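Number of protein chains: 2
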Amino acid sequence: MSRTAADVHAARAYLLRVAEPPAPGLAALVASVGPIEAAERVRRRAVGGAAHDETQARHGVERAIEDLRAAELLGARLLIPEDDEWPAWPFAAYATAADDDLVEPLALWVRGSASLAELAESAVAVVGTRAATGYGSYLARQLGFELADRGFTVVSGAALGIDGAAHRGALDAEQPTVAVLACGVDRSYPAGHDGLLSRIAETGLVVSEYPPGAVPARHRFLIRNRIIAGLAAGTVVVEAGLRSGARRTASDAMGLGRPVMAVPGPVISAQSAGCHALVRDCGALLVTRAAEVAEAVGRIGVDLAEPLSRTDARETDELDRTSMLVHGALPLRATRTTFRLSVDAGVPVERVRAALPELERRGLVEQSDGAWRRRRASA
Amino acid sequence: MSRTAADVHAARAYLLRVAEPPAPGLAALVASVGPIEAAERVRRRAVGGAAHDETQARHGVERAIEDLRAAELLGARLLIPEDDEWPAWPFAAYATAADDDLVEPLALWVRGSASLAELAESAVAVVGTRAATGYGSYLARQLGFELADRGFTVVSGAALGIDGAAHRGALDAEQPTVAVLACGVDRSYPAGHDGLLSRIAETGLVVSEYPPGAVPARHRFLIRNRIIAGLAAGTVVVEAGLRSGARRTASDAMGLGRPVMAVPGPVISAQSAGCHALVRDCGALLVTRAAEVAEAVGRIGVDLAEPLSRTDARETDELDRTSMLVHGALPLRATRTTFRLSVDAGVPVERVRAALPELERRGLVEQSDGAWRRRRASA
Chain A
1 MSRTAADVHA ARAYLLRVAE PPAPGLAALV ASVGPIEAAE RVRRRAVGGA
51 AHDETQARHG VERAIEDLRA AELLGARLLI PEDDEWPAWP FAAYATAADD
101 DLVEPLALWV RGSASLAELA ESAVAVVGTR AATGYGSYLA RQLGFELADR
151 GFTVVSGAAL GIDGAAHRGA LDAEQPTVAV LACGVDRSYP AGHDGLLSRI
201 AETGLVVSEY PPGAVPARHR FLIRNRIIAG LAAGTVVVEA GLRSGARRTA
251 SDAMGLGRPV MAVPGPVISA QSAGCHALVR DCGALLVTRA AEVAEAVGRI
301 GVDLAEPLSR TDARETDELD RTSMLVHGAL PLRATRTTFR LSVDAGVPVE
351 RVRAALPELE RRGLVEQSDG AWRRRRASA
Chain V
1 MSRTAADVHA ARAYLLRVAE PPAPGLAALV ASVGPIEAAE RVRRRAVGGA
51 AHDETQARHG VERAIEDLRA AELLGARLLI PEDDEWPAWP FAAYATAADD
101 DLVEPLALWV RGSASLAELA ESAVAVVGTR AATGYGSYLA RQLGFELADR
151 GFTVVSGAAL GIDGAAHRGA LDAEQPTVAV LACGVDRSYP AGHDGLLSRI
201 AETGLVVSEY PPGAVPARHR FLIRNRIIAG LAAGTVVVEA GLRSGARRTA
251 SDAMGLGRPV MAVPGPVISA QSAGCHALVR DCGALLVTRA AEVAEAVGRI
301 GVDLAEPLSR TDARETDELD RTSMLVHGAL PLRATRTTFR LSVDAGVPVE
351 RVRAALPELE RRGLVEQSDG AWRRRRASA
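Those protein sequence lines, which keep their order, are chains A and V. Residues 1 to 379 in this note's numbering are what the first sequence spells out, letter by letter. Residues 1 to 379 in this note's numbering are what the second sequence spells out, letter by letter.
Just chain A, with the same shape it has in the complex (with noise of 0.2 Å):
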């Protein structure tokens, strides 16, 4: 790495450190001047407004080496804007968020080889209440697999229930998923997803603005969701409690301009009334399967969903409304001549006339010395 490559990764490690993401104010002043120059101000507490409150309490915490050796020792690494594999044009849509916490990350610290450009190119969140029932697990691995083997990545949280459900079932498809933390990417939390993570970091990323060592805390969870929304094309609820923080992700997702969507379930299910709340309340789309999130998020022409098709479909579908009435007219243990069933039907005789061919053609209908009978439909 050259000096100056050098510079910018420890003063980007530095100012990750100094204020609690979201922080607006040192983000502006980092577009502004540059990580190297605005590490300095900071430092120097030559900063105003926002980034000056914002940094205040930890413009001391000079932990940016260490940082950077903790990291390189777990076989992580710091993914900086100034790199080719920074996630750039997914994370555009920051910069015209009206949302003040919706701020471009200033830096990601990142456990595995992949490279996060690549796989947010074409990426969907699939995330969900950590009390997920069995239905909800269900629906958020097949989901997860599916989506993955279409050639999505699947974004999301790590956390237990629906978010490791999803990650797993991108394994099970034997494809890369990312997972984005709430604390340093070398904590296993929660614990029982130590291995998860592990089998995530070797084809995927791990992925987290908090440093090596940081804890996880409410708000972060909060806020992290911000980075799952930006990373993908869209994201999917698939089962969320009314407070569920999936709903904050869906927000950060429709506050970057990104489709929302939900997957329905039992209405006397609590862990589905905060997806009926999304479609309800907040315009979410509601999709019941892989093809119509692909629809959703996906290219066009290339990602259109299939009708599902109707396998109960009827011989008669495609009868004009004449013939359907004459047929619905002939019953099927007796005979008619053409004139009952005009009367029967409805329908002038001579258009009674006119449609039974077309019927006896198609199957629907026999003739049995001068009058017609309804055959039985074949299977």
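Don't take every hint at face value.
Stated by the list, open to error - To list a few chain V residues with every Cβ distance to chain A over 12 Å, as calculated:
hint : residue
1    : A5
2    : A31
3    : G34
4    : E66
5    : R77
6    : I80
7    : R168
8    : S188
9    : Y189
10   : P264
11   : H327
12   : S368
13   : R375
Stated by the list, open to error - Cβ pair distances, simulated, as ranges:
hint : chain 1 : residue 1 : chain 2 : residue 2 : range
14   : A       : E82       : V       : S368      : 38 to 48 Å
15   : A       : E360      : V       : G192      : 33 to 43 Å
16   : V       : T337      : A       : E40       : 47 to 57 Å
17   : A       : E360      : V       : R199      : 40 to 50 Å
18   : A       : A131      : V       : E318      : 18 to 28 Å
Simulated from the structure, these hints should not be mistaken for laboratory data. Being a predicted model, the structure only gives us computed values, none of them experimental. Yeah, the Cβ is synthetic: ideal placement off N, Cα and C, and Gly gets one too.
Once you have looked at the hints, place chain V on chain A.
Below, chain V alone, put in the same frame as chain A:
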């Protein structure tokens, strides 16, 4: 009944017989010259255009007197637009519908002594598949009960499955309900609903535009649906396969400018697929409970649904961002100085000092030897 009134009844009874509904041409003729003159012209074959075709096959079917007598014997009667009891206001929507099939019925055979106009003043259609699941049947009955209990008349088609459950729910609430049949009001169809239809007729109404003795036919089930939709201020589909007839009722309701609602269910259930398609593709409103249905169809200011209560509300919900950061940085089992809190939370120390008293007042933190710890949330 005056001579003229009897003539009008006889004319309309004749007109219901001589054309298979819906007969837009005949309806236009009746609207133009009145029912008595229209009946005369049909008899004399002095009609042209669509009305000619619609009545050609059956113009000789002179059964009006017999039909009226048969109805009388059953305790049924012919309700006509000239009656006060005609639901003129709800049916006015047919006049502005673009779909040719959405024609106001020429008259209705009714069984039961209630007033259709009164019952239709505040009515909701609750419909769905005959092949209902336990989930759907339970919800339909519950919805029928709750809507009836709120003063809405439940209108449905008396079919097996969802329709029957909705009627039963209304009867559970000891409220009148309206069943619209695709056969004569003297027939028990389906056979298993003989008792249900009798119970409906005791306090509510069994309604049909088909004369006594008329048999159900496939197209009649579809055509009948426009009357269910027309009587109701809105239509709820509880469960429907992708090609359930209930979707036709929904389509008719949309054609009449009435709100269409659908209850979601498990995405792995074929019986909910039609409901999900209505929400996804047709702009139906997703509803999960009677209050939401009432809000969609109800009187403004009277039927606004209370938001679902968040039973899992947390004590920290109303905190501002700074207080939440401070609270989140406090461990449960150790104390922190304000300076350390400032660093951990990333909040200037004077703001930490300003936030703590309010957190203490709320019982969320406590002091100990000049430092602070988090208090466990009370139950």
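The hints, checked one at a time:
1. A5: holds, 27 Å
2. A31: Nearest chain A Cβ is 20 Å from A31/V, so the label holds.
3. G34: Correct as stated: the minimum Cβ-Cβ distance to chain A is 22 Å, above 12 Å.
4. E66: holds, 16 Å
5. R77: holds, 24 Å
6. I80: holds, 20 Å
7. R168: With a cut-off of 12 Å, R168/V remains clear of chain A, as the shortest Cβ separation is near 19 Å.
8. S188: holds, 19 Å
9. Y189: Its Cβ never comes within 12 Å of chain A, the nearest being 15 Å, so this holds.
10. P264: violated, 3 Å
11. H327: The assertion about H327/V is violated, with a minimum of 8 Å to chain A.
12. S368: Consistent with the label, S368/V stays out of reach of chain A, its closest Cβ about 21 Å off (over 12 Å).
13. R375: holds, 15 Å
14. E82/A / S368/V: 38 to 48 Å: With Cβ atoms ~46 Å apart, the hint holds.
15. E360/A / G192/V: 33 to 43 Å: holds, 35 Å
16. T337/V / E40/A: 47 to 57 Å: Given range 47 to 57 Å: violated, Cβ gap about 29 Å.
17. E360/A / R199/V: 40 to 50 Å: Taking Cβ atoms as reference, E360/A and R199/V lie about 44 Å apart, which means the hint holds.
18. A131/A / E318/V: 18 to 28 Å: holds, 23 Å
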